[in-house]
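Start from the sequences, fold in the hints, and give me the full structure.
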Amino acid sequence: MSEAKKFLYVNRKAPYGTIYALESLEVVLIGAAFDQHVSLAFVDDGVFQIAKGQDTKSLGVKNFSPTYRALGDYGVTKFYVEKDSLDERGLSADDLMEITYEDENDGFAEKPSIIVVTKAEMAEVMRDQDVILSF
Amino acid sequence: MKLSILVNEGPYTHQAADSAYQFTKAALDKGVEIFRVFFYHDGVNNGTRLTVPPQDDRNIQKNWSDLAEKHKLDLVVCIAAAQRRGILDEGEAKRHGKGEGAANIAPGFRISGLGQLIEAGIEADRLVVFGD
Chain A
1 MSEAKKFLYV NRKAPYGTIY ALESLEVVLI GAAFDQHVSL AFVDDGVFQI AKGQDTKSLG
61 VKNFSPTYRA LGDYGVTKFY VEKDSLDERG LSADDLMEIT YEDENDGFAE KPSIIVVTKA
121 EMAEVMRDQD VILSF
Chain B
1 MKLSILVNEG PYTHQAADSA YQFTKAALDK GVEIFRVFFY HDGVNNGTRL TVPPQDDRNI
61 QKNWSDLAEK HKLDLVVCIA AAQRRGILDE GEAKRHGKGE GAANIAPGFR ISGLGQLIEA
121 GIEADRLVVF GD
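Protein sequences appear in the order of chains A and B. Note that the first sequence covers residues 1 to 135 in the numbering used here. Note that the second sequence covers residues 1 to 132 in the numbering used here.
Please keep in mind that the hints were generated in silico from the structure rather than gathered at the bench. Note that the structure is a prediction, hence the values are computed from the model and not measured. Accuracy of the hints is not assured; some may be wrong.
As the list claims (entries may be wrong) - So, partial list: chain B residues that the calculated Cβ filter (under 10 Å) puts toward chain A:
#1 M1
#2 G121
#3 I122
Claimed, not checked - Distance condition first, Cα-Cα at most 27 Å in a straight line; then the derived BS3-like pairs of lysine-lysine:
#4 A:K5 x A:K119
#5 B:K98 x A:K6
#6 B:K62 x A:K5
#7 A:K62 x B:K98
Idealized CB from N, CA, C, for every residue including glycine.
This is the structure in structure tokens:
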């Protein structure tokens, strides 16, 4: 197999209402086993996927949001969130879940995974990738 | 140039299914190598042999099967997405007790895991995504 590539999963849809977010997360979990460089991007309604306090009881579907917090243990430590998408929806970084990872290169210090970026910075992140999966 | 294709939408509902087919066919006609076509989300519905479109309409599922036969294409349907939506091969139909003849995977398609999608991204020069 060739050397590790940079994979970016672009999440654009709200977590419930369609299955895109859940099935995207399933790819991320499988992909994490492949020793590639993995990052996630959250844009448009996709920012709701990592919003705090999700409650799906009355929807009758599973609340899968806790899974995002576990991704650090799978080596998925970069969650790029587009600031404009937050602003347009009346959200701020404080409305997002606390998602962290333990940095093995820094004495396993707990560090935030979420990186809020501008549209221009998001474009840079995308330009830097080898494989972009858009869901 | 070696390409992989990801099809995320179902036939007859979304242009993405047609576009993916037309793009793949055009690439093959130009001699471009297609490493794999992976079907995910409702895209798995492109791989059922039970599709019966009206006679004056295109048959998207058959188009894929024909293309696969002609070019030895690797058409892979995601097993998790397929099971949710009732797309089964012989082995899965038997394993889940769905009865004789329940297998509906179309000719030229095979059912496998999401690892095949990641591998498609690793092995190809470009992964082209067709979706909403």
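How the hints compare with the structure:
A hinted interface residue such as M1 of chain B counts as satisfied when its beta carbon comes closer than 10 Å to some beta carbon of chain A; here the least separation is about 14 Å, so the hint is violated. Satisfaction of the interface hint for G121 of chain B is found here, the shortest Cβ-Cβ separation to chain A being roughly 4 Å, below the 10 Å cut-off. Of the supplied interface hints, the one on I122 of chain B holds, with its beta-carbon coming within about 6 Å of a beta-carbon of chain A, less than 10 Å. A threshold of 27 Å between alpha carbons decides the hint, and for K5 of chain A with K119 of chain A the separation of about 23 Å falls inside it, so the pair holds.
At roughly 40 Å between alpha-carbon atoms, K98 of chain B and K6 of chain A are farther apart than 27 Å, so this suggested pair is violated. Distance hint between K62 of chain B and K5 of chain A is unfulfilled; the C-alpha atoms sit about 34 Å from each other, more than 27 Å. For a cut-off of 27 Å, the pair hint linking K62 of chain A to K98 of chain B stands: about 26 Å separates their Cα positions.
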